[in-house]
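The listed protein sequences correspond, in order, to chains A and B. Per this note's numbering, the first sequence runs over residues 3 to 394. Per this note's numbering, the second sequence runs over residues 103 to 480.
No wet-lab data here; the hints were simulated from the structure. Don't take each hint at face value.
As the list claims (entries may be wrong) - Cut-off 20 Å, straight-line C-alpha distance, at most; resulting in silico cross-link-like pairs (PhoX-like, lysine-lysine): (1) K81/A with K229/A; (2) K333/A with K386/A; (3) K386/A with K369/B; (4) K386/A with K366/B; (5) K233/B with K455/B; (6) K118/A with K229/A; (7) K229/A with K154/A; (8) K81/A with K118/A; (9) K386/A with K455/B.
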Amino acid sequence: MTDLETFRSETRAWLEENCPAEMRKPARGDDDICWGGRNVVFQSDAQKQWLEVMAERGWTVPDWPTEYGGGGLSRQEAKILRTEMAKMKCRSPLNSFGIWMLGPALLKFGTEEQKKHFLPQIARGEIRWCQGYSEPGSGSDLVSLQTFGEDKGDHYEVNGSKIWTSYADKADWIFCLVRTNKEDKYQGISFMLYDMTNEGVTTKPILLISGASPFCETFFDDVKVPKSYGEGISSVVGEFNRGWDVAKYLLGHEREMISGMGGDGGTASLGAGFKDVMASEPVLRAQMALFDVDGLAFRSHSERFMDEWKSGTGHPAYSNLMKYIGTELNKSRHELVMAMGGSDALEWESEASKGGSKARNWLRTKANSIEGGTSEVMLNVVSKRILEMPGG
Amino acid sequence: MAMILNDDQSMLKDSAREFMKSEAPTTHFREFRDKECKDGFSHGLWKQFAEMGFTGILIPEDEGGLGLGHVEAGIVLEEVGRNLSPSPFLTTSVAAVEALKSAGKNMRERWFPGIISGETVIGLAIDESAKHRPANTACKAERSGNGFKLTGAKQFVVQGASSDMLIVAARTAGSEGETSGLTLFAVEKDAAGMSMDPVRLVDSAVAAHIDLNGVEVTADAVIGEVDDGWSVLTKILDAGRTGAAAEMVGVGSGAMDMTFDYLKQRKQFGKVIGEFQALQHRAAHLYGEMEMARSVVLKAQNFLDDGDERGELYTAAAKAKAGLACNLSVREGLQMHGGIGMTDEYDIGLYMKRDRALNEFFGDAYFHADRVATMNGY
Ligand SMILES: Cc1cc2nc3c(=O)[nH]c(=O)nc-3n(C[C@H](O)[C@H](O)[C@H](O)COP(=O)(O)OP(=O)(O)OC[C@H]3O[C@@H](n4cnc5c(N)ncnc54)[C@H](O)[C@@H]3O)c2cc1C
């Protein structure tokens, strides 16, 4: 057996033994997955146990180095772990913006001390992070942001407000884009980390069309952000005033993550689940068939994207294209799910509809092509950076 | 198999690209079109394909070929598509070779050498109606002596009148619509009772309508097993479909690149038209569609080369997606060229014509989307 085959069989055996049966049922929504944090409320003992055993092994973040709480797995091993987990239908033990966004940014831009301090807390699910990018006046045109951090010697005094901050009301800490130089648009932003329990931080949940309120308005009134949390642990990641570089790098990861949703659930065919409806709906069946073609194409495409990424041959702006395709596809998928479901799928609260899960999920997907950069912005980037179209 | 080309494949890509660009660019295509050449391709170029080793790309090494797979054949086809290079490569070196691999030793020895040397052309006589419906084959093959007698009509036999041999799908049992009861025959060009009516197509290729009027063949002419032609036909079609899909990736990419160049040159309203966001977004969307097509075609080729059972599903998805994306590319391409796109002098129209023919060849995107649905159980 090759090393990878050995790894595969050992992984399978370990998962068999350690993943509680309850954690092998498909998650019905965000709440079924643990997001960690100081105030975490576990849905069940199984959920808690699953997080603990996985964190212990570093497998909440399989490809991070072990010294930062990761599993130290190679890309291939991490892929094997993902595949085996998918085969056994193991739920993700921990979801978080720390894992998907801040972690990769710290690994790239953080000092050794910052990494040692912040990354293990993320890996173990102890600290839950939120992302403070968008502001009321700065959405797609993010670089125009105005939340300001004034240098007060040993700390910055932060004033301003953010909006659409996902889970700000549940997060412990925020990674926040703060203007630290009003004269320089691009090189006047710093990437700051601070505690949401700081005095002067308030959050106000916003109700969405799906009926959930997963994001907030976030206000900062004279918030004191220490310049340092200890030897080498600056509150600013990367260089002071060069936070835009960190922000952009992180957005690349965010887009990659969101684009993954087009592959949704790993089922080969959306149509396979709706045979009865389609037998009497030829036009709907045709739509579904074309969707399944795209589904297979996107799946192949994601695989090629990953392989090119690994081999270093991918274009650096390619995740923008992936985000555009993946999110548009996911929206189409949920349009079809609603059409297949007919009036059953309209039910908003009933037991039979699992609390309106189809309708709520359908509405949630509409945000996919807005959050993390809109489809139109993705097309702008693809056209300028990949196709090298002229114009500013 | 990884979804990126290895070193050998990258080298093949470079040499195929270089070769098509210098020996068979669109000017070569125009030359043969304008001559009203009865074959629709140049025998000289076909010999050059042989010198490059392309003709025997799928033929096993111990039989004189390169022993490579569908990924490699696809690399050549993409360049064929990009340059609109007319040749019998897809039918002869891809689909027919795939058929002959299921044939006996005698037949292989009879045909492989000529294919490898670029002397032999083989046609596929499968379709009987305007739409590709192989299971509907009605052409009859009745036992006669120790052989068979073929009766029926075929159409869309590309390069049929230039072919030395035709692979004919006929029914030895069962009835129209059934996949069992089909048998494949190798019919030589001068067989008595076979008549051809070659017609020029929109893309200037020449395809034949064929009448089989009691054509006598011996039992040796059977490719594969009697009544089980479907299993060989499936291989021929999978090879032909991924091949056509790869060629469409080339056609679509060629049209797209031309269009993007044009967007960067043409000025209106005091600006290069590529500065207009309305066009930029359509360009970026098109690029994404072509990228998806490229990926699913590569996946299908990988599965076929690995003998993976998902090959058929992915082949259907590949032919459908490549068809849709290539079609979008030529339509957007023509529109973004404005009036000049409508002129014969400009190449974009040639790409549009080629796309139409390739989309139809081996079944269009709707046919294959329907197959995806069926294979997915609905
Ligand atoms: C569910 C969800 C979660 C989110 N979570 C977070 C979070 O955790 N943290 C955070 O900081 N932000 C978050 N966001 C905010 C998100 O990043 C912004 O909504 C997004 O960047 C768009 O900004 P906007 O809403 O101001 O729209 P606008 O920028 O005002 O856009 C309005 C419309 O104009 C179009 N448009 C804008 N500029 C251009 C252009 N140059 N060319 C063509 N069209 C253009 C857009 O595409 C869009 O269609 C979240 C959003 C959603 C929906």
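Quiz item: Which hint numbers doesn't this structure obey?
Solution: 1, 2, 8 and 9
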